[in-house]
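2 protein chains.
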Amino acid sequence: MFYAVIMAGGTGTRFWPESRARRPKQLLPMLGDTTMICTTVHRLRGLVPRDRLIVSTTAELAPSIAQELIELPRGAILAEPYKRNTAPCIGLAAHMIVRRDPDAVMGVMPADHVIAPEEAFRKAVRYAADLVEEDPRRLITFGIPPTYPAEGFGYIERGEPVASKVREQRTDAPGTFRVERFREKPDLETAREYLADSRHSWNSGIFVWKAQRILEELEQFEPAMADRLATLAESIDTVQFEGALKKEFAAIEGKSIDYAVMERAEEVLVVEAPFEWDDVGSWRALARLKGADECGNTIDAKHLGLETAGTIVRGGRDHLIVTVGLTDCIVVHTPDATLVAHKDHEESIRHVVDALEERGWVEYL
Amino acid sequence: MFYAVIMAGGTGTRFWPESRARRPKQLLPMLGDTTMICTTVHRLRGLVPRDRLIVSTTAELAPSIAQELIELPRGAILAEPYKRNTAPCIGLAAHMIVRRDPDAVMGVMPADHVIAPEEAFRKAVRYAADLVEEDPRRLITFGIPPTYPAEGFGYIERGEPVASKVREQRTDAPGTFRVERFREKPDLETAREYLADSRHSWNSGIFVWKAQRILEELEQFEPAMADRLATLAESIDTVQFEGALKKEFAAIEGKSIDYAVMERAEEVLVVEAPFEWDDVGSWRALARLKGADECGNTIDAKHLGLETAGTIVRGGRDHLIVTVGLTDCIVVHTPDATLVAHKDHEESIRHVVDALEERGWVEYL
Numbered sequence: 003m004f005y006a007v008i009m010a011g012g013t014g015t016r017f018w019p020e021s022r023a024r025r026p027k028q029l030l031p032m033l034g035d036t037t038m039i040c041t042t043v044h045r046l047r048g049l050v051p052r053d054r055l056i057v058s059t060t061a062e063l064a065p066s067i068a069q070e071l072i073e074l075p076r077g078a079i080l081a082e083p084y085k086r087n088t089a090p091c092i093g094l095a096a097h098m099i100v101r102r103d104p105d106a107v108m109g110v111m112p113a114d115h116v117i118a119p120e121e122a123f124r125k126a127v128r129y130a131a132d133l134v135e136e137d138p139r140r141l142i143t144f145g146i147p148p149t150y151p152a153e154g155f156g157y158i159e160r161g162e163p164v165a166s167k168v169r170e171q172r173t174d175a176p177g178t179f180r181v182e183r184f185r186e187k188p189d190l191e192t193a194r195e196y197l198a199d200s201r202h203s204w205n206s207g208i209f210v211w212k213a214q215r216i217l218e219e220l221e222q223f224e225p226a227m228a229d230r231l232a233t234l235a236e237s238i239d240t241v242q243f244e245g246a247l248k249k250e251f252a253a254i255e256g257k258s259i260d261y262a263v264m265e266r267a268e269e270v271l272v273v274e275a276p277f278e279w280d281d282v283g284s285w286r287a288l289a290r291l292k293g294a295d296e297c298g299n300t301i302d303a304k305h306l307g308l309e310t311a312g313t314i315v316r317g318g319r320d321h322l323i324v325t326v327g328l329t330d331c332i333v334v335h336t337p338d339a340t341l342v343a344h345k346d347h348e349e350s351i352r353h354v355v356d357a358l359e360e361r362g363w364v365e366y367l
Numbered sequence: 003m004f005y006a007v008i009m010a011g012g013t014g015t016r017f018w019p020e021s022r023a024r025r026p027k028q029l030l031p032m033l034g035d036t037t038m039i040c041t042t043v044h045r046l047r048g049l050v051p052r053d054r055l056i057v058s059t060t061a062e063l064a065p066s067i068a069q070e071l072i073e074l075p076r077g078a079i080l081a082e083p084y085k086r087n088t089a090p091c092i093g094l095a096a097h098m099i100v101r102r103d104p105d106a107v108m109g110v111m112p113a114d115h116v117i118a119p120e121e122a123f124r125k126a127v128r129y130a131a132d133l134v135e136e137d138p139r140r141l142i143t144f145g146i147p148p149t150y151p152a153e154g155f156g157y158i159e160r161g162e163p164v165a166s167k168v169r170e171q172r173t174d175a176p177g178t179f180r181v182e183r184f185r186e187k188p189d190l191e192t193a194r195e196y197l198a199d200s201r202h203s204w205n206s207g208i209f210v211w212k213a214q215r216i217l218e219e220l221e222q223f224e225p226a227m228a229d230r231l232a233t234l235a236e237s238i239d240t241v242q243f244e245g246a247l248k249k250e251f252a253a254i255e256g257k258s259i260d261y262a263v264m265e266r267a268e269e270v271l272v273v274e275a276p277f278e279w280d281d282v283g284s285w286r287a288l289a290r291l292k293g294a295d296e297c298g299n300t301i302d303a304k305h306l307g308l309e310t311a312g313t314i315v316r317g318g319r320d321h322l323i324v325t326v327g328l329t330d331c332i333v334v335h336t337p338d339a340t341l342v343a344h345k346d347h348e349e350s351i352r353h354v355v356d357a358l359e360e361r362g363w364v365e366y367l
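Line by line, the protein sequences are chains A and B. Residues in the first sequence are numbered from 3 upward in steps of one, following this note's numbering. Residues in the second sequence are numbered from 3 upward in steps of one, following this note's numbering.
Mixed in with the good hints there might be a few duds.
What the hints assert, rightly or not - In silico lysine to any residue, SDA-like type, Cα no more than 20 Å apart, as pairs: (1) B:Lys304 to A:Glu360; (2) B:Lys345 to A:Asp346; (3) B:Lys304 to A:Gly362.
Said to hold, decoys possible - Covered stretches of chain B (chain A as the covering partner; in silico rule of three or more C-beta atoms under 8 Å from a C-beta of chain A): (4) 218-226; (5) 266-278; (6) 352-366.
As the list claims (entries may be wrong) - So these bits of chain B aren't anywhere near chain A, every CB distance computed over 12 Å: (7) Cys40; (8) Leu55; (9) Ile72; (10) Gly77; (11) Arg101; (12) Pro147; (13) Leu190; (14) Arg194; (15) Arg290; (16) Gly307; (17) Leu308; (18) His344.
Rather than coming from a laboratory, the hints here were simulated on the basis of the structure. Just so it is clear, the structure is predicted and the values come from calculations on it, not from any experiment. Glycine is no exception: its CB is placed at the ideal position from the N, C-alpha and C atoms.
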């Protein structure tokens with residue numbers, strides 16, 4: 003059986019002031035009318051029934067997520083008491099799944115990515131699941147063929163094509179390769195090389211594997227973490243679970259699944275995603291997805307622009323935003339806070355939240 | 003007797019969105035806690051009693067001005083039904099004054115300039131009034147010794163020093179010269195020359211003359227305007243006045259007192275102002291008056307700035323404004339509208355109001 007785990011614990015600090023601690027990016031309709039978490043859940047329709055879906059998030063966000071995903075069963079939302087990056091969370095979800103089906107395949111995906119078309123995504127996930135059924139040692143990651151020299155993504159360098167009957171049986175099977183190595187976010191020059199050499203994909207953070215297999219990998223590479231997860235797993239579906247979760251997560255070291263397993267494991271494959279993808283990681287990324295007018299402006303506000311170009315303006319329906327002589331800026335108005343940033347300094351936006359905390363201006367977090 | 007006329011009909015479009023059609027700059031506390039019109043009236047204390055004060059403004063602004071200057075007699079506020087620049091308004095005020103005192107000296111000054119210290123201003127006006135009493139043909143204008151090569155002001159080129167007993171009797175009399183000529187707003191290079199040659203002053207728009215004399219000058223240089231004003235003057239203090247005002251002002255051609263009289267008259271003198279002065283003509287001018295922090299920022303808002311320099315930020319107490327990577331910008335937040343402009347395009351801010359009118363977004367005017 004196939005299970006899906008949606009990672010919905012992100013803070014979305016790059017989207018301040020629209021994204022706030024209690025309503026981060028995944029809980030906002032960044033594109034269109036639907037929140038990103040809802041879009042992510044809807045994307046799984048036909049692929050996995052509601053009772054085989056786990057949404058992992060923080061304790062703080064869990065109530066809002068539950069309200070947003072009112073159709074999900076009560077137990078579907080896993081609220082982590084402490085932020086411990088992706089590996090512990092994926093390990094715990096794997097334990098929960100293995101208890102119900104020791105042979106289950108699980109897909110792991112972030113709650114706040116843009117993917118289209120949905121059917122291509124579902125088809126690709128089914129294909130990955132078949133690859134895993136063919137060889138249960140396999141850890142599948144989706145690689146996105148780069149379309150521009152992005153500096154903001156991790157990259158995957160592909161190795162040899164994978165021999166697979168599953169693949170041979172499908173005329174439209176996407177490219178499937180052994181992973182040669184994972185690459186950190188590159189500088190622009192390196193990103194250009196990656197784009198040119200056709201051997202690199204963006205790392206989407208979408209994975210498919212046997213739940214049992216990822217637990218074995220964690221045992222091998224992260225025995226301390228695996229021990230704590232195993233202890234915690236004993237209390238799943240008992241009244242002790244919440245207490246154990248707090249205790250073990252407090253003690254577990256935070257680590258990403260990439261560092262913990264993917265970069266060290268043997269049978270890691272990359273499937274070339276046959277769908278459009280974006281992690282919507284920044285205001286510029288959002289503007290790229292939304293498109294721009296003839297002046298290069300992306301406007302989602304009541305706006306008047308004089309001599310304004312390359313600028314992103316976001317706000318409400320009633321508050322008027324006027325820009326004069328602005329080039330390559332980001333203006334975001336919300337009822338209690340306004341951001342004005344230059345695009346070249348976009349990376350600094352995530353520091354705003356820290357700076358607000360330092361000043362004690364917590365009402366704007 | 004000395005009378006004062008305060009010109010308070012300005013629209014303040016350069017200060018949008020703080021300045022609005024119904025609450026322009028003179029009705030705002032641009033610096034400190036007091037509205038500029040109040041500060042202007044208070045500056046006249048000891049120089050002219052309330053019943054010898056005329057505040058000229060537009061019909062639209064008259065109620066707000068009256069409310070702000072509640073201490074003034076009812077008839078002190080002259081509401082013009084149509085905007086006709088300064089000459090018709092000054093002419094009408096001169097008629098009103100002459101009716102009460104044919105020999106009166108009148109001072110004319112804008113409602114929205116910054117002047118300090120107040121006593122130096124009053125002393126200078128008294129001195130100018132004495133010069134006028136000495137020779138009733140004189141038209142006095144105050145020139146401000148430039149402190150930087152301003153492009154935004156008109157300039158006065160001085161001629162020969164004026165021979166005057168009034169001047170000789172005072173050891174601290176300010177420099178007093180015949181006006182050689184008036185100069186339009188210069189470009190930067192010319193402004194630098196003016197600054198260097200010590201022969202040029204900024205044109206403050208503050209005048210002192212005999213009320214009767216300015217009427218004679220208008221008769222000579224603008225006979226059509228003078229005729230209409232004379233007709234209108236016949237109905238002053240009668241029930242016909244309001245109707246006549248509408249009729250004559252509708253027909254009068256708008257013209258500034260500089261064009262109509264000052265640039266053409268014979269006995270025009272410039273007194274070097276022995277006080278600090280600024281017309282607060284722009285956000286940059288305001289920032290210059292308020293001063294800047296070590297990053298060159300002038301902040302009057304709840305503000306957090308990362309990598310922000312040379313920037314003006316204005317807003318309320320509760321709405322947070324965050325700037326990231328901004329240099330030389332202007333950010334002004336009000337409850338219903340926000341302006342973000344680059345300082346280099348500051349001149350375009352006054353076009354915002356026109357653009358809003360074109361779009362029919364009149365609620366933001």
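request  = Against the structure, test the hints numbered earlier, and report the numbers of the ones violated in rising order.
outcome  = Hints 4, 5, 16, 17, 18 not satisfied by this model.
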